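Q: Spelled out, the chains give:
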Amino acid sequence: MKLFKIYTYAILVLALLVNTSCNLTDVTDVEPVYQVSEDKVITNLDQAQTVLYGTYGILKNLEFTGYAPGLTSLMGVTMKPGSFAGSSENAFFNNDVSPDNFYAEIIYAKMYFLINNANHVITKTALLEADETRKKEIIGEARALRALSHFYLLRLWGQFYDINSEYGIVLKEQPIKDATVQPRATVSEVYELILADLDYAIQNAPDFSDTFYTSKIFAKGLKSKVLLYKKDYSQAAQAALEVIELENRTLEDTFADIFIKKIIDTKEVLFQTPFDNLNDRNNKAFIFRAYYLPSEYYVDFMEGDARKDAAIAYTTSGAARNAKFNNSTYNGVPLTADTEYFLRLDEVYLIFAEAVLRGDDDSGAALDALNKIRERSENPLITTTNKAELLEIIRNEKIFELGAESGEDWFDLVRFHKEGDLDINSFKTISSDSKLILPIPMQSVDLSDGLIIQNPDY
Amino acid sequence: MEIKFTNTLFYPRKAIVKCIMRTFILLFCTSVFSLTSTTILSQNAKISIDENKVLSIDQVFDLIRTQTQYTFIYQEDMFKNAPKVTLEKGVITANKLLELSLGNNNYDVILTGTNEIIIKKKQQQSVVTGQVKDENGMPLGGVTVLVKGSANGVATDIDGRYSIKASKGEVLKFSYVGMMPMEVPVGEDLLINIVLTVDSESLEEVVLVGYGSQKRSDITGSVSKVNVVEMNKTNPISVDNALVGRASGVHVVTASGAPGANASIRIRGITSVFGNNEPLYVIDGLPMEIGQGQGNDFYAQNFSSTLSPLSSINPMDVESIDILKDASATAIYGSRGANGVVIITTKKGSYSSVPSISLSSTTTISSFTNDYSMLDANQYHSVVEKAYGNAGATIPNDDELYPFGREVNTNWQKQTDQTAINTNYYLNANGGSLNGSSLYSLSAGVTDQKGVIYGTNYKRNNLRAKLETSLSDKLRVGVNFNYSDSNNKGSNSTFYYQTIKYRPDIPVFKENGEYANDPSNFLANPYAKVRYPSYVDSQNLMLSLFAEYEITKGLQFKSTYSYTKGDNESFRYTPSYDPFELRNNRKGTLNQSNSDYSSRIWDNTLTFSKSIKKHEFNAVGGVSFTENKSDFTSIRATDFPDDDVMVTPGAASSLNLTSGGTISGLASYFLRANYNFDNKYYLTFTGRADNSTKFGPKNQWGYFPSGAIAWRISKEEFFNVDFIDDLKLRTSYGKTGSANFSDFQYATFFEAGSYYNNNNGVVSNTIPNPDIKWETTDQLDIALDFSIWDRRINGSVGYFNKNTSDQILLRDVILETGGTSQYSNIGDFLNKGFEFQVGVDIIATERFQWTSEFNLTTIKSKVLKLNGGYYRNLIEGESISYFEGYRVAKIFQNQEEIDALNAASPNGVYQSNNTAPGDFMYVDVNNDGYIGGDDRDIIGNAEPDFFGGFNNIFRFGNFEVSALFNYSVGNYLYNSNKKDLLIFSNYNNNYSKEILGAWTSQNPNVDIPRLVSGDPNNNRRDSDFFIEDASFIKLKNLNVTYKFNPDILKKLFIQRASISLSASNVFVITKYSGLDPEVNYNAASNFSQGYDSASYPSVRTFTLGLNLNL
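From first to last, the protein sequence lines are chains A and B.
Take 14 as the starting number for the first sequence in our numbering and just add one per residue.
Take 235 as the starting number for the second sequence in our numbering and just add one per residue.
It is possible that some hints are incorrect.
Listed next, the in silico DSSO-like pairs over lysine-lysine satisfying Cα-Cα at most 30 Å (straight line) [what the hints assert, rightly or not]:
hint : chain 1 : residue 1 : chain 2 : residue 2
1    : B       : K620      : B       : K1124
2    : A       : K385      : A       : K448
3    : B       : K620      : B       : K399
4    : B       : K1305     : A       : K274
5    : B       : K367      : B       : K1285
6    : B       : K844      : B       : K792
7    : B       : K287      : B       : K314
8    : B       : K932      : A       : K190
9    : A       : K280      : A       : K190
10   : A       : K137      : B       : K932
11   : A       : K53       : B       : K399
12   : A       : K53       : B       : K863
13   : B       : K402      : A       : K190
14   : B       : K367      : B       : K402
15   : B       : K1096     : B       : K1305
16   : B       : K708      : B       : K399
17   : B       : K1124     : A       : K190
It is worth saying that the hints were derived from the structure and are not from the lab.
This structure is a prediction, so every number in the text was calculated from the model and none was measured.
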């Protein structure tokens, strides 16, 4: 009897222990909370949208909004190091960046981080069984972001000016699983993927609704810029013209309006980052007065141009400050945050002017576009039809219009230098053409077991 | 003849009064007690007596029987010798007659339903008292005193005293582990004093090990037992701080003097970089990881916004603390054992028919052991002027130098102090049912500790209950309940160094009544700052139920289900008038965070023991399931309508909220098997398999085996050394693990918080490492336990070697992954050292006893291999916590010295362009002619060469004196105060008075560099000027206890009472120039252990305590 009792209890206890569905014992059957595993993160369109927002959010990092624009401007002619700048910033200013440069590393890594998250959106959304149009819109937006990031990587670290070059960048089309190494693609392969992404976005991304998101028109605008870099000038002109003629976006009434409006009701911006004093805070305005200041060249250059007052401000002690990114406010509260313009219509006009001139020798169309910008900024119109002269005027116009913003002047110098239109050494002392691009960060080269080839002469 | 039955009346009445007294004292309430006589018969039953006569008692009963319906049943000869009763003629109630005949107390009179009156003789019980001592005259506490053949038993108190009810002729049995039991019959003498002799065959001190206990003599691993009685003489607020100097191998450094401050505890060194290195605490069987097992980053981040669950334990509730150190002892905790295990048990009931009720109250006053004396306003201004003059700079204009006029002089230390009085009350009742089947222990405690800085305090309320009972012969069940509610005010936000550094020429208030502040920075003045609301609130609950079933003799099954919960709320408000708030156009900022943590554990163990002749075998095996959950919400709210009332996130105009949490599970299987032959040869195997959700599918299981052997040499035939009583050599080797870091780094996971245009998006973590796994520590332990000269000297000496492999470090990864580094198991660390512990009965006479306990630990840590991994400043071949910086050669005395060095330098400058006489000259370590970054050198180590404690107990008469010393030798501290207080930089803060003795050409032989604004030579750079040898020996605690004479107390119905006076941090001998060498402001950080920022200096306390035992 007693033995029977013991057995009964023992069986009961064992049953409890063995029963794996028991709440007490299945402690290792847990899913992490407040973080979603890869296989569950995108199971419907709303989730896809959430990952897409997260991917956009990466653009707000200073790597995109501050360091890359500021440091590229230091490489060019429109900026100089500010009082907080140290040797890492000076290396960019002196066009002598070493492979272990801290900023080069973090910008490079952050751009790939954006690509990785875009890849999650692209690959996982494609597998959804959901409304095809909306699915494609989301993938379109993500592919536009991936194209933007690959393009930014290419023009800083790859020989973007040479379509036959082996020195492209590492292309990422799938989300990473671990730290597996992948070799660099050739320049033409890189352009191919960027343009494929942009064509997809032009087809499928949403129509323009808001400057904070990628759209068909932004994809087309970026495509014109990529084609310009790729030297497909006719096609670049064609794409740019389509953006202009769509009249989806129009020029602001005055140049100053761009920087007064910033992110509110802008007519001209195709794509930019938001900012506020809460969750979208960044520190761009601060680093643009502490680390990256308008250069003497730029201040002199702007002399006599009607845009000077909107571009350059002076402190009480007479030092030049970047007026484009200064004293931003949000609901009347002064902020140290600001926006980054990835593409504005004024640049598309100037892309068109250069591309149509180079590709189609159409100086008339080039002049029209150029003067549209000069007219808006209340500067005298240009009349020359001399191609070389006009090309230089267009390049200068880009500095007037886009100087001390995101370093576009640097890439123009590199392109013009490579086209033989000018000698870059008359602007900046460049020890060799290999310094036209940055070295691949040492960490990647060293850890790649020889799979990732360093750029020449680094 | 009148018969009086008053001879036995006195005792019981006294007992009743005593009972009332107790109740009165305890409960502070009155209740009416009525005394009833034997009114058991009906009031109407009357007996008429027809004439005066003298009757025997038997005849009286006959009389009653004939006149009423009552019959009597009693032993026939019971009243044979009883005196006769004289009756007068008349009528008397039957009750009265019975009472007169029997008296009140010699007989039990029971009326049955059938009107039968049963009369029995009462047992002649008396209260036997006495004291139990050992052969050396030392009182023995915890001796079981049993009335043989009954369930009536008590335990002696710490003074060896007992009192028990027993009848003449019964036998009292005295038993105690390690002592020969003794039996004494109760005779006429009700005072029985006993001397127990040591049972040399079984030194049966019991030591708690994981999931069970073992005889001390059978232990094969390294386990230190903390003397809790001595520990509580230091009146500790929390257990961790109280472990200072108590056990070898255990390095305890108190974080600061703040109320409720934590301590950092390292058992045999650091084993993990990202993991938390605090030991695993097992409180009444419940494992508790500091930092919730979420790793060191988590612990450090939450250090100031949560209270350690350890602080919820009232040290007064603690019955025993055992510290497991080697692999054999800790392997049963497997993946959590690498940092050692501290097993704490709280008081439980005792088999005693008399409840033991104790009440204690202590009152403490505290003050800083030491403080900085700062410049007054005049001295400050003259120092500023000199420094600007020396720099050749223009002296700032009067607006800046005298913002509130030349007359203002404020002593901020005085403006921010308060009288620091602590009070503690503690009430405890222990006992059990008469037959010993049920035990109970109940306690309540109130702690109120005020800090020396205004507004800082720590309050705690504890409630605790432990109950167990036998449901049948074989089944025993119990419950354990522990709740505490703590509140810590201000000590996480009020910092001493901010107070003393504030400019002395700023008044508290402006003329308009607003708080004044230094216009050159945006810091509120200290008087205002300490008044900002700031607190941490914490509630902790521990609840467990167990059932224990004896399946057959020697085989027991036990199942325990436990639940732990901790809630924390931290609240920190910066009002709108704060200068920094004003500057940022904000109207008040509130940082509020709420976090809660819960853990549920189900343990099942099977314990088996068997001995056949000289073979003894015992084993415990079990399964354990643990689930931990945590959640947090942090709110940063700004812009409030006012600063006093509407300070809650809902009233703010702008909110920023972050939240998160974790969940993790651990399923474990463990086994420990002990075998010994003839108490001579011992074998132990311990192992645990853990399945943790912190790791990826292929690395979820970790296996942690260990083995130990021991040899009692003293039992061998060939061993015949007379003065050695016991000698045991033991060694163990095994593996333990660490998984005390954040969860889920093995795969890609997405987290919220990537905002874009106010949409909260999710992003991936950076680079998962699917191979991430446990950190494992292999530990070797060799030790010798000895007992010599009639056990007057007991001790242990041992060596340990802890090798941690697979340590998780950061490793660079290719940047195309989108990140720069990932966690990887690649580091190898080593900790090794010696431990020595000895206890000596130096003097053991009847009148005077002196017992001394001494322990010493040496430890060396070393980074063996990094394998390409990195973390902070770890270097292969160096210790884990070294300091790096320049070496100061001397102070330049003249320009020629500087010129000569500049001339010899390849770049024309030795140190700095503006170096001048009075500046530090640094050592050119690499001899390249100038001072560069590569001249930084290793200039000290935060790890001591050796450390330990030395406790002495003296007893004479009714006095007992305890003196605890602790010491540490060879450890360095980063005295960051020296940087701020002795080296001038600008006029934004005050300096120490010592700066008046800075170098000048007239005062050249000093070590403080010249006063110069802007510090052009950068004399503040990290150098050995700031890294100081902080070796010390300290009288940590001195306690004098007077025990009142029990005979006097008896009249007050108190069993025992003592009064004690103790002082902590009495004195310290050290070369260290800071306030106190025993600090660790970064208790939560693994890598900046020796850092002294004077955020809350240590305090000296004087405590008056009263203990009553009713």
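Q: Determine for every hint whether it applies to the structure shown.
A: Hints, verified against the model:
no.	hint	result
1	B:K620 - B:K1124	holds (22 Å)
2	A:K385 - A:K448	violated (35 Å)
3	B:K620 - B:K399	violated (83 Å)
4	B:K1305 - A:K274	violated (65 Å)
5	B:K367 - B:K1285	holds (24 Å)
6	B:K844 - B:K792	holds (18 Å)
7	B:K287 - B:K314	holds (18 Å)
8	B:K932 - A:K190	holds (15 Å)
9	A:K280 - A:K190	violated (41 Å)
10	A:K137 - B:K932	holds (25 Å)
11	A:K53 - B:K399	violated (71 Å)
12	A:K53 - B:K863	holds (21 Å)
13	B:K402 - A:K190	violated (84 Å)
14	B:K367 - B:K402	holds (23 Å)
15	B:K1096 - B:K1305	holds (27 Å)
16	B:K708 - B:K399	holds (28 Å)
17	B:K1124 - A:K190	violated (56 Å)
In summary, the numbered hints that this structure violates are 2, 3, 4, 9, 11, 13, 17.
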